[in-house]
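Asks: Assembly of the complex is requested from the two constituent chains, each provided in isolation within its own frame, with the hints serving as guidance.
From first to last, the protein sequence lines are chains A and B.
Everything in the first sequence is counted per our numbering, starting at 243 for the first residue and increasing by one.
Everything in the second sequence is counted per our numbering, starting at 29 for the first residue and increasing by one.
I should point out that these hints are in silico values taken from the structure, not numbers from a laboratory.
The model shown is predicted, which means the values in this text are computed figures rather than measured ones.
Backbone N, C-alpha and C fix where the C-beta goes; we use that ideal spot for every residue, glycine too.
Treat the hints with care, since some could be wrong.
[What the hints assert, rightly or not] Calculated Cβ distances over 12 Å to all of chain A for the following chain B residues:
hint: 1; residue: D111
hint: 2; residue: I133
hint: 3; residue: A177
hint: 4; residue: L188
hint: 5; residue: T249
[Claimed, not checked] Label pairs and their in silico Cβ distance ranges:
hint: 6; chain 1: A; residue 1: D333; chain 2: B; residue 2: D147; range: 39 to 49 Å
hint: 7; chain 1: A; residue 1: R407; chain 2: B; residue 2: H189; range: 56 to 66 Å
hint: 8; chain 1: A; residue 1: G406; chain 2: B; residue 2: G40; range: 41 to 51 Å
hint: 9; chain 1: A; residue 1: S343; chain 2: B; residue 2: D112; range: 35 to 45 Å
hint: 10; chain 1: B; residue 1: S187; chain 2: A; residue 2: N368; range: 48 to 58 Å
hint: 11; chain 1: A; residue 1: D367; chain 2: B; residue 2: A89; range: 17 to 27 Å
hint: 12; chain 1: A; residue 1: G304; chain 2: B; residue 2: P33; range: 29 to 39 Å
hint: 13; chain 1: A; residue 1: A331; chain 2: B; residue 2: D95; range: 47 to 57 Å
hint: 14; chain 1: B; residue 1: A32; chain 2: A; residue 2: C350; range: 28 to 38 Å
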Amino acid sequence: MTGRPAAVRHDITLRVNGAPHTISVEPRRLLSDALRHDCGLTGTHVGCEHGVCGACTVLVDGSPARSCLMLAVASEDVEITTVEGLAGADDSLSPVQQAFSDCHGLQCGFCTPGFLTTITAGLRDNPDPTREEAQEMIAGNLCRCTGYQNIVAAVLRAAELRDGRP
Amino acid sequence: MKPAPFAYHRPGTVAEAVRLLAADPDAKVLAGGQSLVPLLSMRLATPSALVDLGGIPGLDAVRVDADGVRVGALARHARVLADDDAAACQPLLRLALGHVAHPTIRNRGTTVGSVVHADPAAEMPVVLRLLGGSVDVEGPAGRRTIGAADLFVGPLETSLHHDEVATSAFFPALPSGGGVAFEEIARRHGDYAMAGVAVVVRREGEQVVDVRAGFVSISDTPVVVDLTDAVARGADPGDAALASLEPTADVHATADYRAHLVRVLTRRVVGAALDDAASRSLTR
Ligand SMILES: Cc1cc2nc3c(=O)[nH]c(=O)nc-3n(C[C@H](O)[C@H](O)[C@H](O)COP(=O)(O)OP(=O)(O)OC[C@H]3O[C@@H](n4cnc5c(N)ncnc54)[C@H](O)[C@@H]3O)c2cc1C
Ligand code: FES
Ligand code: FES
Chain A
243 MTGRPAAVRH DITLRVNGAP HTISVEPRRL LSDALRHDCG LTGTHVGCEH
293 GVCGACTVLV DGSPARSCLM LAVASEDVEI TTVEGLAGAD DSLSPVQQAF
343 SDCHGLQCGF CTPGFLTTIT AGLRDNPDPT REEAQEMIAG NLCRCTGYQN
393 IVAAVLRAAE LRDGRP
Chain B
29 MKPAPFAYHR PGTVAEAVRL LAADPDAKVL AGGQSLVPLL SMRLATPSAL
79 VDLGGIPGLD AVRVDADGVR VGALARHARV LADDDAAACQ PLLRLALGHV
129 AHPTIRNRGT TVGSVVHADP AAEMPVVLRL LGGSVDVEGP AGRRTIGAAD
179 LFVGPLETSL HHDEVATSAF FPALPSGGGV AFEEIARRHG DYAMAGVAVV
229 VRREGEQVVD VRAGFVSISD TPVVVDLTDA VARGADPGDA ALASLEPTAD
279 VHATADYRAH LVRVLTRRVV GAALDDAASR SLTR
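For reference, chain B alone in the conformation it holds in the complex (with noise of 0.2 Å):
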């Protein structure tokens, strides 16, 4: 299990990046590597080159203000877990970070490269949806934004262009009056989950005005269900995700039992995420 021969760059900028991937329709960005070098030893992928964005100053800053953390394209798993402003301004980071693989692989691996992978199992390309967050590109035509909405198109496929490199992610802060939670079952403790569920709730008062749930390994991109009205209704909201859900089969686990463990998750987590919003509210 050796990768096949490719050719290596290491541009010093990002429109360098972009240059060099637009002049080869096969070359790949390599970031963190702890998605892609497995590919390559596996031979599931073969790219004639590989741009590495490690040597592009200013890629791994994260930063956060009152509108939400914005994680740049180097930044590891492990720094944007370890920041606490970036726990504070949205808690649901720091939740499911811990979730992402064991600790030696997120200090390698990037935020913003797991979510551009789109990996239907990973928990942060449906943290970036749930929440509506967004991705900044950079390619020859030059910046964009793509909303959490329009980015995952299937299974490690995303809108971006081959010719793109995303520079970083926002994810938007809790609002006032907000909860949130996370759980998933794996089959050992930092494997990708069977089935994950990450929940955000909003309170005006003692009124419950916005529950939404999104779901990690259940479909081939990240889905999310709205549950304002179910909760609303005390009807169960596994009950109802399961409603907007077509949860899929593979090796791990049978469509039946996804279809369980949302039931069961689904429930607890928007239990836990109802307290959380109910506990901020008293400390604030």
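Chain A extracted, bound-state conformation (with noise of 0.2 Å):
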């Protein structure tokens, strides 16, 4: 052992949903943690934070990755998507927020913010998933609530909102 390190700060900016956020971390600060108690980015969950539940899932330069298993420190050259940022500016629901409301896509909302950047990016890429598709684009997050039926009902609702589907 060589020590263990004083705990020293790193002054990093992190560019969340658009807008830059200076602040200052210990390198063991988990990006999770940075977003919501330095950044005061409250919408990503910790649920599991060992990668499987999916609830702190955020858009890493537009793709889903878990903020559970990276570090604030490292996440500088990033542009970062919360759930906060999914919205309109004029705080109009997204397609994807739509669609939970209106297929009552969640019930406790816990794992909420981890589906809703999952299946933004999951549109983005396949704009109109068959119904495996959506099971499959949702796969990798935990919801202990719906049972998942509303949750690829929402998947499919958003793909026809995003396509100005009636």
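Replies: Dropping the structure here:
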């Protein structure tokens, strides 16, 4: 052992939802905790903290990533989007958010931020998924409440809304 | 569950990363973090410092030529999976990568990181071993190439020295007459497999001249069994494979159940690989 380093802090700037957040963190600060505690963006939820549940999923340069498996100090070079960044500028719900509301895609809502970010990116890559593809899209996220059926319905509904279909 | 304190370095070159590692025996490399960060959070790993490869330019390349696919240390699973040239050169890469975790994990985790993490339940160490690939590493003494047969020492243990950085992994191309197949059984799609089988075969005309199978989650290190003679004799490939394997037990599956999975999967995957070779030679 070369001795535990004193808790050196790093001054870093995270770019979250288009805005810079300059914060001071220890290297061990997980990105999920930095978003919640240092940036005050508590929409990102923390469940398992080891990559399994998906509640903490954010978009990193547009692609879903577990924020509990990233270090804040290592996240200065990327563009981060949290659930707070999904709504329109006028606070209007995004198609995925509207579809979750329409289809009752949530109950307690704990898992929802991770689903919303994952599905937002998923529909960008595959705008017209089949039911099977919709199930595949959400297979990495856990929900203890809904039984997933309404979430799958919300994926399909969001695809319609994005497309301007009634 | 929060990591213990550590220092953080973000070198701009591999040489600088090696220097930092050599100066601190408790420092560890950080690549995609998809295995290391959970270990930190659970405090199963408590390094004094992390040396993040993320700031080193050029390490994320995937290069394909007639000999095979060279995957740089920072190439994410998702990037390798999406590479059509890589899939055409060595189709086993795409087949196996589709079973590595979920897409969200694949967006960050690196293929080289997965190889050198050497988890007995991981797909890519077995693929590298089965294909006879290698890993290029850089350390204080310079560069060297470690063949897959010499790389895997034990569970989560490789022959890399503490102060060596793996800069790329090389997966040889599928030769003409070749075929591949991969299948695994996991409790849920995206989970680590309870058992997985990768097979490569090669035909010369109507004759099958090579059949080899690699096994995921069956033993402490990736193991390859040569089934060429068994297949030539018309013996059951599953039984033949089991004769050389001793499946281990853990909380996910008993040894007997794993043996059953090996028997069923090997039979199935050898058949699929032979079909694959036949259909490739038709379309060639
Ligand atoms: C929920 C979940 C499910 C998963 N399921 C699977 C699965 O089904 N199959 C599977 O194979 N994997 C799975 N993984 C692991 C994933 O594939 C990781 O990406 C991979 O194992 C490690 O790659 P990494 O880049 O994230 O490495 P890191 O986590 O950064 O590092 C892992 C280890 O390798 C070392 N290391 C990494 N890169 C180098 C290098 N270039 N040189 C020297 N040392 C290095 C590190 O020091 C560390 O010890 C899963 C992960 C999670 C969180
Ligand atoms: S909190 Fe990150 S995946 Fe569960
Ligand atoms: S709505 Fe409660 S966990 Fe999904």
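Asks: Against this structure, judge whether each hint is valid.
Replies: Evaluated hints:
The Cβ of D111(B) lies farther than 12 Å from every Cβ of chain A, with a closest approach of about 16 Å, so its non-interface assignment holds. Residue-level check failed: I133(B) sits 6 Å from the nearest beta carbon of chain A, not beyond 12 Å. No Cβ of chain A comes within 12 Å of the Cβ of A177(B); the nearest lies about 31 Å off, and the non-interface call holds. Distance check on L188(B): its Cβ is at least 20 Å (rounded) from any Cβ of chain A, clearing the 12 Å threshold; non-interface status holds.
For T249(B), the non-interface assignment is confirmed: its Cβ lies about 24 Å from the closest Cβ of chain A, beyond the 12 Å cut-off. Between D333(A) and D147(B), the C-beta spacing of about 45 Å keeps the proposed range 39 to 49 Å intact. Between R407(A) and H189(B) the C-beta distance comes to about 59 Å, which sits within the given range of 56 to 66 Å. For the pair G406(A) and G40(B), the beta carbons lie near 47 Å from each other, so the given range of 41 to 51 Å is met.
Take S343(A) and D112(B): their Cβ atoms lie about 39 Å apart, and the range 35 to 45 Å holds. Range check, S187(B) to N368(A): Cβ separation about 41 Å, and the 48 to 58 Å hint is violated. Under the hint 17 to 27 Å, the C-beta atoms of D367(A) and A89(B), about 23 Å apart, fit the expected range. The hinted range of 29 to 39 Å is satisfied by G304(A) and P33(B), whose Cβ atoms lie roughly 32 Å apart.
Between A331(A) and D95(B) the C-beta distance comes to about 52 Å, which sits within the given range of 47 to 57 Å. Our hint of 28 to 38 Å for A32(B) and C350(A) holds, since their Cβ atoms are close to 32 Å apart.
This entry does not satisfy hints 2, 10, going by the numbered hints stated previously.
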